[in-house]
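J.: Numbered by the working numbering, the letters in the sequence shown go through residues 1 to 624 in order.
Calculated directly from the structure, the hints in this document are not laboratory data. Mixed in with the good hints there might be a few duds.
[What the hints assert, rightly or not] Lysine to aspartate or glutamate pairs mimicking EDC-like chemistry, simulated, CA-CA at most 20 Å apart:
#, residue 1, residue 2
1, Lys550, Asp598
2, Lys143, Asp184
3, Lys338, Asp247
4, Lys189, Glu157
5, Lys591, Glu546
6, Lys550, Asp587
7, Lys202, Glu273
8, Lys338, Asp429
9, Lys143, Glu157
10, Lys445, Glu466
11, Lys143, Asp232
12, Lys617, Asp570
13, Lys291, Asp267
14, Lys233, Asp130
15, Lys338, Asp319
16, Lys144, Asp184
17, Lys467, Asp500
18, Lys591, Asp570
19, Lys609, Asp562
20, Lys445, Asp500
21, Lys605, Glu615
22, Lys609, Asp598
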Amino acid sequence: MKYSKTTFKLTSFHLKMKFIFACLFCSILNIQAQTEFEPPKLTCVRSIASQTELNWDLPLSANPCFSAYEIYASNGNKNGPYSLQASVNNPTQTSITINLSTGNPPFYYFYIVHRGTCNNPSPIPKKTSDTLFSDKPTSVAIKKVTVINNQIHVHWEASTSPEVIGYFIYNNADGSSGGFNNPDTVYGKNTTTFIDNFHHPKSAPITYAIRAFYSCQSALPNFLEGSITPPDKRHSSIRVNNQTPPDSCSQSVSINWSPYLVGTSSDSVLNYEIQTNNNHAGFHTQASVAKTTNNHIVQQIPYLVDYCIRIKANLISGDSSFSNELCFDSLRIVQTPKTDYIRFISIENGNMLIEYMKDTLASPPNGNPILYRSADGLVFTPLNNTPIFEDETRSIYQDNASTEINPANNSFTYMVRLNMSCGNTHFSDTATTLRVGLSDKGNNKAVLTWTGFEVQNIQFQNFVLEKIVGIDTNIIGTYNRNEISYTENQLFDYRLDSIDEVCYRVTANYFNNNDNAPRTLLQSHSNIVCIQPVPKAFVPQAFAPEGNNKTFKPFLIYAIADNYSFQIYDRWYHLIYTTNNQNDSWDGTFKGAPAPLDGYLYVVKFRGKNGQDYESKGTVMLVR
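Please model the complete structure; the sequences and the hints are all you need to start from.
T.: Printed below as a string of structure tokens:
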């Protein structure tokens with residue numbers, strides 16, 4: 001078989017190219033295999049003056065092509081430039097000390113390069129380790145110190161420094177700034193909670209500080225620990241204690257507590273809450289006090305129950321810290337009121353009417369019951385008023401409305417206080433008046449809203465909304481406990497000008513579950529809220545003296561004759577007509593002659609039936 005010269009040349013070229021590609025492929029595979037050797041993993045760095053000790057862990061698999069570990073460093077800049085500092089020719093070596101200038105800053109970033117040859121004239125491509133900073137761990141920020149289940153819990157922010165493996169927890173039981181010895185140790189960079197099992201929170205307020213450390217701290221802990229929490233950032237626990245034993249007659253106990261401190265300051269605290277727990281049913285807040293207060297008298301401690309007290313500090317950071325729990329055995333005294341209650345509360349003729357039922361089995365109080373009133377349900381003021389009716393089973397009080405205690409402006413909460421024979425104080429449950437108000441009015445409509453009915457231990461039936469027009473009262477509808485609003489879309493018919501006022505009242509129907517059978521349906525009334533129509537002036541847009549509308553004047557709705565004026569001005573604001581009589585009208589003339597065809601400005605002022613003055617302006621066209 002014969003081949004042409006062209007055919008032979010092409011075949012020879014293809015063979016050469018195949019050989020070249022095969023060689024390149026083998027070389028790529030060889031280089032790829034050579035790059036699989038891992039460098040050591042840096043563990044920690046410590047700097048002492050101008051010397052820096054670098055520590056690492058060897059790769060998991062030995063490198064048969066080992067040539068050297070090359071140590072590179074950058075002064076204070078993670079992004080470099082990096083320069084070669086030393087070479088390690090021993091594949092089993094795990095540390096090296098390097099002399100470095102302190103510089104500014106005096107700290108360095110390091111990485112390790114793994115080199116090898118494997119009898120290849122070209123060096124194996126480098127692969128670097130992780131990068132490690134030689135600075136000490138930064139100071140750790142404490143978030144809070146709190147007590148949970150009578151154990152002190154310390155919470156902090158995780159260190160931002162690399163290679164941190166744990167924390168030293170220092171404490172000082174006397175709360176001073178010194179004396180931090182024999183720290184506890186926790187491991188794990190992300191471990192940010194410590195439970196102190198060695199100090200009872202009731203014994204004393206305890207101050208805590210934290211220091212982070214690197215993985216090789218055991219060799220030279222002084223150089224590998226971070227900065228300890230500075231004195232002005234250390235947190236102290238709260239310790240609460242009673243100043244005197246609880247008084248079973250007054251049902252109270254005087255307590256004090258150590259303030260929650262950051263350093264020596266309590267500025268991190270917003271306020272304190274005094275929380276109590278009856279028979280292990282869970283803590284609830286009994287009172288709140290200012291951050292400058294560290295004592296309180298806890299009152300109304302119930303009888304025949306286990307009772308615990310703790311302090312909650314609300315911090316500016318949004319966190320909270322709790323004290324130890326201060327617990328007492330059951331207080332015991334006989335014949336304390338247990339079944340007294342406010343049975344009924346209502347607004348009658350604008351005044352608050354309150355019915356208080358007595359506990360006939362309790363010891364008689366020292367003096368008469370005292371009615372208390374509160375505008376916010378928290379702060380109560382004694383009224384010291386005499387009941388309008390009283391017998392051995394109940395007292396009925398009337399709290400007369402005034403400017404300060406207008407039931408239309410606010411709901412009011414009432415309770416009754418008894419001074420008992422042993423000097424202790426007893427308070428009844430509370431009851432709050434039902435209030436209805438206008439949340440919106442305008443465009444001839446009104447939106448009514450009323451408060452939920454707050455009398456304790458009742459069986460609620462319904463709300464009844466009444467509309468009062470003159471002497472007529474009509475029921476608009478009945479509503480359940482969660483339905484507390486109504487919208488009236490058409491209040492007044494302005495064509496009639498006959499209704500001067502529309503009023504509303506809400507009635508709550510309920511049974512008091514404290515009553516002995518047979519129970520009586522009770523009705524508690526709200527305040528009465530009234531709405532008057534808005535006076536208006538209706539004015540034509542044009543009139544024709546020679547036509548059907550021969551004169552021009554405003555038509556007033558819900559207005560009176562007092563303080564009335566009506567003026568007409570031409571386009572140059574010259575007064576051409578004025579009157580103070582609502583019955584007068586402009587006939588389209590000026591000084592006895594017909595006024596020209598034009599637009600004219602009118603101004604009408606009048607007084608409404610509500611006593612307010614109004615003004616209306618506009619233009620009217622005179623048509624001939």
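J.: Give a verdict on every hint.
T.: Hint by hint, here is what the structure shows:
1. Lys550 x Asp598: Since the Cα atoms of Lys550 and Asp598 sit roughly 15 Å apart, the hinted pair holds (cutoff 20 Å).
2. Lys143 x Asp184: Measuring from Cα to Cα gives roughly 18 Å; hence the hint holds.
3. Lys338 x Asp247: This hinted pair holds, its Cα atoms lying about 18 Å apart.
4. Lys189 x Glu157: Given that 20 Å is the threshold and the Cα spacing comes to 10 Å, the pair holds.
5. Lys591 x Glu546: holds, 18 Å
6. Lys550 x Asp587: holds, 6 Å
7. Lys202 x Glu273: holds, 18 Å
8. Lys338 x Asp429: At roughly 10 Å apart (the allowed maximum being 20 Å), Asp429 and Lys338 satisfy the hint.
9. Lys143 x Glu157: holds, 7 Å
10. Lys445 x Glu466: Holds - the C-alpha atoms of Glu466 and Lys445 are around 16 Å apart, at most 20 Å.
11. Lys143 x Asp232: holds, 13 Å
12. Lys617 x Asp570: holds, 13 Å
13. Lys291 x Asp267: Status holds; Cα separation ~8 Å.
14. Lys233 x Asp130: Not OK: Lys233 and Asp130 at ~33 Å, beyond 20 Å, violated.
15. Lys338 x Asp319: violated, 38 Å
16. Lys144 x Asp184: Holds, at about 17 Å.
17. Lys467 x Asp500: holds, 14 Å
18. Lys591 x Asp570: Satisfied, since the Cα-Cα distance of roughly 13 Å is no more than 20 Å.
19. Lys609 x Asp562: Satisfied, since the Cα-Cα distance of roughly 10 Å is no more than 20 Å.
20. Lys445 x Asp500: Holds - the C-alpha atoms of Asp500 and Lys445 are around 15 Å apart, at most 20 Å.
21. Lys605 x Glu615: holds, 4 Å
22. Lys609 x Asp598: violated, 34 Å
Violated hints, listed in ascending order, are 14, 15 and 22; each of the other numbered hints is respected by the structure.
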